[in-house]
Every structure is written in structure tokens, then in C-alpha cells.
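Top line first, the protein sequences correspond to chains A and B.
Numbering follows the working numbering, in which position 69 of the first sequence is assigned residue number 69; successive positions increment by one, without gaps.
Numbering follows the working numbering, in which position 54 of the second sequence is assigned residue number 215; successive positions increment by one, without gaps.
Please note that the accuracy of each hint is not assured.
The calculated label-pair distances, taken between Cβ atoms and stated as ranges, are [to be verified]:
1) A:S71 / B:W429: 52 to 60 Å
2) B:M231 / A:D43: 34 to 42 Å
3) B:G191 / A:W13: 55 to 63 Å
4) A:K39 / B:P390: 33 to 41 Å
5) B:R422 / A:E95: 44 to 52 Å
6) A:E44 / B:C188: 16 to 24 Å
7) A:S17 / B:E320: 50 to 58 Å
8) A:T81 / B:Y419: 27 to 35 Å
9) A:S94 / B:R422: 45 to 53 Å
10) A:C126 / B:V193: 53 to 61 Å
11) B:L194 / A:W13: 39 to 47 Å
Here are the computed lysine-lysine pairs in the DSBU-like style, where the Cα-Cα straight-line distance is at most 30 Å [stated by the list, open to error]:
12) A:K98 / A:K39
13) A:K39 / A:K79
14) A:K11 / A:K39
15) B:K312 / A:K132
16) A:K132 / A:K76
17) B:K312 / A:K100
18) A:K132 / B:K394
19) B:K379 / B:K312
20) A:K39 / B:K309
21) B:K338 / B:K355
22) B:K296 / A:K102
23) B:K312 / A:K39
Keep in mind that the hints were calculated from the coordinates and are not lab data.
These figures come from a predicted structure and were not determined experimentally.
For each residue, glycine too, the CB sits at the ideal point set by N, CA and C.
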Amino acid sequence: MVTVTTITAEKTWQILSTVCDPEIPVLSVLDMGIIRDVKINADETEIIITPTYSGCPAMDMIAMNIRLALSEHGYKKIKITSVLSPAWTTDWMSEAGKQKLKDYGIAPPNTRSDDPSDPVIECPRCHSPNTKCLSEFGSTACKALYQCNDCKEPFDYFKCH
Amino acid sequence: MNNSLINYTLHLADTTLILAQQNAAWCGHGPVLEQDIAITNISLDLLGQSRNFYQYAALLINQSTPSERMLLSLPGNKPINPTDEDQLAYLRKEREFKNLLLVEQPNGDWGQTILRQYLFSQYQYLLFEKLQFSKDEQLAAIAVKSLKETKYHVRWSSEWVIRLGDGTEESKIRIGKAVEELWRYTGEMFVSTKYEVQCATDGTGIDCSLIKDEWMQKIQFVLEEATLPIPAKAFMQSGGKEGIHTEHLGYILTELQYLQRAYPNATW
Numbered sequence: 001m002v003t004v005t006t007i008t009a010e011k012t013w014q015i016l017s018t019v020c021d022p023e024i025p026v027l028s029v030l031d032m033g034i035i036r037d038v039k040i041n042a043d044e045t046e047i048i049i050t051p052t053y054s055g056c057p058a059m060d061m062i063a064m065n066i067r068l069a070l071s072e073h074g075y076k077k078i079k080i081t082s083v084l085s086p087a088w089t090t091d092w093m094s095e096a097g098k099q100k101l102k103d104y105g106i107a108p109p110n111t112r113s114d115d116p117s118d119p120v121i122e123c124p125r126c127h128s129p130n131t132k133c134l135s136e137f138g139s140t141a142c143k144a145l146y147q148c149n150d151c152k153e154p155f156d157y158f159k160c161h
Numbered sequence: 162m163n164n165s166l167i168n169y170t171l172h173l174a175d176t177t178l179i180l181a182q183q184n185a186a187w188c189g190h191g192p193v194l195e196q197d198i199a200i201t202n203i204s205l206d207l208l209g210q211s212r213n214f215y216q217y218a219a220l221l222i223n224q225s226t227p228s229e230r231m232l233l234s235l236p237g238n239k240p241i242n243p244t245d246e247d248q249l250a251y252l253r254k255e256r257e258f259k260n261l262l263l264v265e266q267p268n269g270d271w272g273q274t275i276l277r278q279y280l281f282s283q284y285q286y287l288l289f290e291k292l293q294f295s296k297d298e299q300l301a302a303i304a305v306k307s308l309k310e311t312k313y314h315v316r317w318s319s320e321w322v323i324r325l326g327d328g329t330e331e332s333k334i335r336i337g338k339a340v341e342e343l344w345r346y347t348g349e350m351f352v353s354t355k356y357e358v359q360c361a362t363d364g365t366g367i368d369c370s371l372i373k374d375e376w377m378q379k380i381q382f383v384l385e386e387a388t389l390p391i392p393a394k395a396f397m398q399s400g401g402k403e404g405i406h407t408e409h410l411g412y413i414l415t416e417l418q419y420l421q422r423a424y425p426n427a428t429w
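Could you build the full structure based on these sequences and the hints that come with them?
Take a look at the structure:
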């Protein structure tokens with residue numbers, strides 16, 4: 001147990017950058033863009049989070065992991081508040097996060113504004129744009145299943161949301 | 162506190178919960194793996210939406226005065242006990258559920274499940290498109306959040322209606338039967354109950370009759386693409402939104418609520 005003498009927003013954000021998404025462990029909760037705010041009140045630290053999809057089952061675990069990480073750094077009173085508005089979008093995912101996804105083998109989401117109805121998804125393995133959608137739904141609510149026509153690798157695409 | 166708003170929120174919660182429960186029964190039984198995953202993902206989205214609505218309904222109920230609470234038909238309705246999303250989902254009785262009749266209709270075959278999803282998702286999309294401007298901030302927030310998911314459900318289910326209708330002889334017969342079976346339950350989606358009228362009047366809810374024409378146009382377009390006949394005007398069944406259900410809901414709740422009924426307050 002490490003004890004923090006003074007709790008600052010900066011320290012808190014730094015600790016949050018070490019909390020990972022349980023489904024996609026290469027991404028931190030900051031990369032995902034689900035931390036909306038950190039508020040340091042007198043003796044309480046409040047973390048404002050927003051869910052990716054309404055039914056995302058990882059949210060409870062993410063909240064628990066945030067609590068654990070902060071507790072390990074000596075935080076005593078932690079409040080986690082979930083807000084729905086403004087609604088989460090993949091545009092909030094960091095560029096570093098998108099690169100980490102690609103390296104992990106998941107095609108990152110396109111930017112919403114330039115996402116046509118039939119988007120071109122690049123294969124994260126061989127970088128070919130010649131890919132096809134196998135299924136609109138993948139292993140989690142946030143992903144669709146694609147396959148590369150060139151290297152034949154099937155892969156997850158993090159849906160633009 | 163406004164009992165109409167509570168009833169309206171429960172209606173939205175119940176409808177999404179029951180369809181989530183129905184779709185979840187496909188888990189491990191889908192025609193192919195990808196579509197098994199798709200229908201259960203849709204189930205998960207709907208369950209998430211219903212949780213958001215139930216949590217909000219619980220908040221509204223807990224804020225109401227004891228005498229107002231007694232007017233609501235709720236489980237363990239003692240004014241001092243706060244309620245929560247679990248009690249609202251697991252301990253209310255059949256007559257207290259306000260879901261649409263459409264969503265409690267049996268899964269049937271894949272065609273019937275697909276058609277039920279499409280008829281509902283198209284309606285939900287148009288409804289939430291308006292509800293996102295509700296004067297009630299939380300209902301508006303849930304609608305905005307859900308819209309992105311619903312848009313995807315509409316696309317997926319409409320493509321399947323077309324594939325089955327304009328598919329093989331067998332698939333066409335089956336989805337045609339589904340249209341005959343389910344059409345009579347679509348009418349009540351556009352007829353307001355008292356609590357909907359009240360919410361539409363104060364700007365928190367939607368006058369559902371306003372989305373009927375657009376819904377019909379969208380449905381006709383997809384059915385034509387699917388080379389399926391547009392159903393003629395027919396008798397429409399109603400009552401779900403006011404707690405009068407078909408015989409199917411009781412069986413659904415029996416399964417859905419079994420654990421909490423048999424082992425009250427069980428958690429894991």
C-alpha cells in the first residue's frame with residue numbers, strides 16, 4: 001500500500017492510464033475515451049465514466065478496476081459516477097489507442113464524419129484495403145467480424161460508433 | 162412527482178427487457194455462428210437499454226411521496242422501501258408489465274424472430290429519434306445513446322427480411338407466415354395510452370401516432386424489396402401497454418423471474 005500525501009487530478013489521471021479494458025487489454029480506459037472527468041472534492045475523488053454500449057458487460061468490471069487501482073495508491077473515498085450524455089463515440093478514442101488496437105490485430109474505428117455506409121476497412125495484418133464483412137456483429141458488442149481477401153486473415157473491426 | 166412519467170419509463174423498460182429475454186433464448190441455437198452472435202448482441206444492447214430505463218424509473222419512484230407511490234402498482238409497495246432496477250424487473254407481475262404485445266410473441270422460427278426484430282427496431286428507431294429531444298434530460302440521454310445501437314439493429318434485421326423474403330421457396334413461405342402472425346400486434350405501437358398522452362403533452366414523451374406514417378413507408382419499402390405482400394388493413398390487437406397481455410408473457414416471466422421468486426434476494 002502506497003500512501004499519497006496529496007491527491008491531485010494529475011496523479012489521478014496518471015493512475016487511470018494504467019487501468020485496462022478487460023476485453024481489450026492493450027487499451028487503457030483513457031485510450032477508450034470512457035473517462036469523462038475527474039473531480040477532487042475535499043476528501044473524495046469522483047471519477048465520471050460513460051459506457052461504450054448500453055449493455056456493455058465490461059463496465060462493472062472497469063468500475064471495479066478503477067476502484068482497485070486508486071485504492072492501491074492510497075485513495076480512501078472513491079466515487080464512480082456513470083453518465084450517459086453526451087453519448088460515447090469512437091471519435092473519443094485516442095490516436096495512440098487506435099495504433100495499439102492495430103498492433104493487437106484489431107482494425108481501429110474510422111472517424112465518424114468520414115464513415116460511409118460501406119466503409120473500407122484495412123486488414124491489420126497485411127494492410128490490404130481489400131477486405132469483406134463476415135458479420136455485422138463480432139465477439140463483443142463494439143466489434144464486427146471481417147476477413148482479408150488477400151492474406152485471408154479473419155479479424156475484428158472496432159465498429160465506428 | 163409525475164406517475165405518467167414513471168409509467169412511461171416502465172413501458173420503455175419492459176418492452177426492451179422482454180425482447181432482450183426472447184432474443185437471448187437463441188444463444189447457442191442460431192442458424193449459423195455469426196447470426197447466433199448477432200441476435201444475442203442485439204439482446205445485450207436491449208438489456209442495457211432496459212437497465213437504463215429501469216434505473217431511471219427506480220429513481221423517479223424513490224423520489225415520489227408515499228401517497229403517490231401507493232397509486233403505482235409496484236412490488237412490496239410499502240412507501241418506506243426504496244425500489245431498484247432488479248425489483249422492477251424481477252418482482253412485478255404480468256399485469257404490471259407494460260411491454261408491447263409484439264415483443265412477447267414467440268420466437269417461432271428464425272423468420273419470425275427476424276421479422277419481430279425488424280418491425281420493432283424500425284419503430285424504436287423512429288421513436289428514439291423523437292425522444293432524444295424530450296424535455297426529460299435522462300430519457301433524452303438514453304434515447305441518444307440507444308439510437309446508435311438501434312440503427313445497427315434496423316440495418317441487420319431489414320437485410321435479413323429481404324434475404325428471407327426474396328430467398329428460397331421455403332424461406333419465403335416462412336417469413337410470409339411470420340408477417341401474417343405478427344402484423345396484428347403492430348397497431349398498438351401507434352395508439353397512445355393515457356400516460357403516453359400525458360407525457361406527450363408535457364413534452365417528456367412522444368405522441369406515437371406521429372411516427373406511424375413514416376414507419377409504414379419504411380416497412381413497405383423493405384417488404385417490397387423482400388417481394389412480400391403488404392398486409393391488408395386488419396384487426397389490431399392491443400392492451401400490452403396497459404398490462405393486458407397475450408398468454409405468452411406469463412411463461413416468459415416465469416422463466417425470467419424464477420430465481421428471484423424461488424430464492425428471494427439471491428445475488429452472485
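Status of the hints after comparison with the structure:
Taking the beta carbon of each, S71 of chain A and W429 of chain B are about 23 Å apart, not inside 52 to 60 Å as hinted. At roughly 39 Å, the beta carbons of M231 of chain B and D43 of chain A sit within the given window of 34 to 42 Å. For G191 of chain B and W13 of chain A, the Cβ-Cβ distance of about 42 Å falls outside the hinted range of 55 to 63 Å, so the restraint is violated. Checking the proposed 33 to 41 Å range against K39 of chain A and P390 of chain B shows it is violated: the Cβ atoms sit about 59 Å from each other.
With their beta carbons about 51 Å apart, R422 of chain B and E95 of chain A fall inside the hinted range of 44 to 52 Å. Range check, E44 of chain A to C188 of chain B: about 41 Å between beta-carbon atoms, so the 16 to 24 Å window is missed. At roughly 40 Å, the beta-carbon separation of S17 of chain A and E320 of chain B lies outside the given 50 to 58 Å, and the hint is violated. Remark: the range hint 27 to 35 Å for T81 of chain A to Y419 of chain B is upheld by a beta-carbon distance near 33 Å.
Under the hint 45 to 53 Å, the C-beta atoms of S94 of chain A and R422 of chain B, about 46 Å apart, fit the expected range. Checked against the given bound of 53 to 61 Å, the beta carbons of C126 of chain A and V193 of chain B, roughly 27 Å apart, lie outside it. With their beta carbons about 40 Å apart, L194 of chain B and W13 of chain A fall inside the hinted range of 39 to 47 Å. A distance of roughly 27 Å separates the Cα atoms of K98 of chain A and K39 of chain A; the hinted pair therefore holds under the 30 Å criterion.
Under the criterion of a C-alpha separation no larger than 30 Å, the hint pairing K39 of chain A with K79 of chain A is consistent with the structure, at around 10 Å. Of the pairs offered as hints, the one joining K11 of chain A and K39 of chain A holds, with about 12 Å between alpha carbons and a cut-off of 30 Å not exceeded. Distance check on the hinted pair: K312 of chain B and K132 of chain A sit about 21 Å apart at the alpha-carbon level, within 30 Å; holds. Proposed proximity of K132 of chain A and K76 of chain A is contradicted: the alpha carbons are some 50 Å apart, above 30 Å.
Between K312 of chain B and K100 of chain A, the direct Cα distance comes to roughly 28 Å. Compliance with the 30 Å bound is thereby established for this hinted pair. Using a Cα cut-off of 30 Å, the hinted pair K132 of chain A and K394 of chain B is violated, with the two alpha carbons roughly 41 Å apart. Restraint check: the Cα-Cα separation between K379 of chain B and K312 of chain B comes to about 13 Å, which is no more than 30 Å; the hinted pair holds. Between K39 of chain A and K309 of chain B the CA atoms are separated by roughly 29 Å; this keeps the pair inside 30 Å, and the hint holds.
At roughly 33 Å between alpha-carbon atoms, K338 of chain B and K355 of chain B are farther apart than 30 Å, so this suggested pair is violated. Pair hint K296 of chain B plus K102 of chain A does not hold up; C-alpha atoms about 41 Å apart against a cutoff of 30 Å. The straight-line distance between the Cα atoms of K312 of chain B and K39 of chain A is roughly 34 Å, outside the 30 Å bound, and the hint therefore fails.
When each numbered hint is compared with the structure, violations occur for hints 1, 3, 4, 6, 7, 10, 16, 18, 21, 22 and 23.
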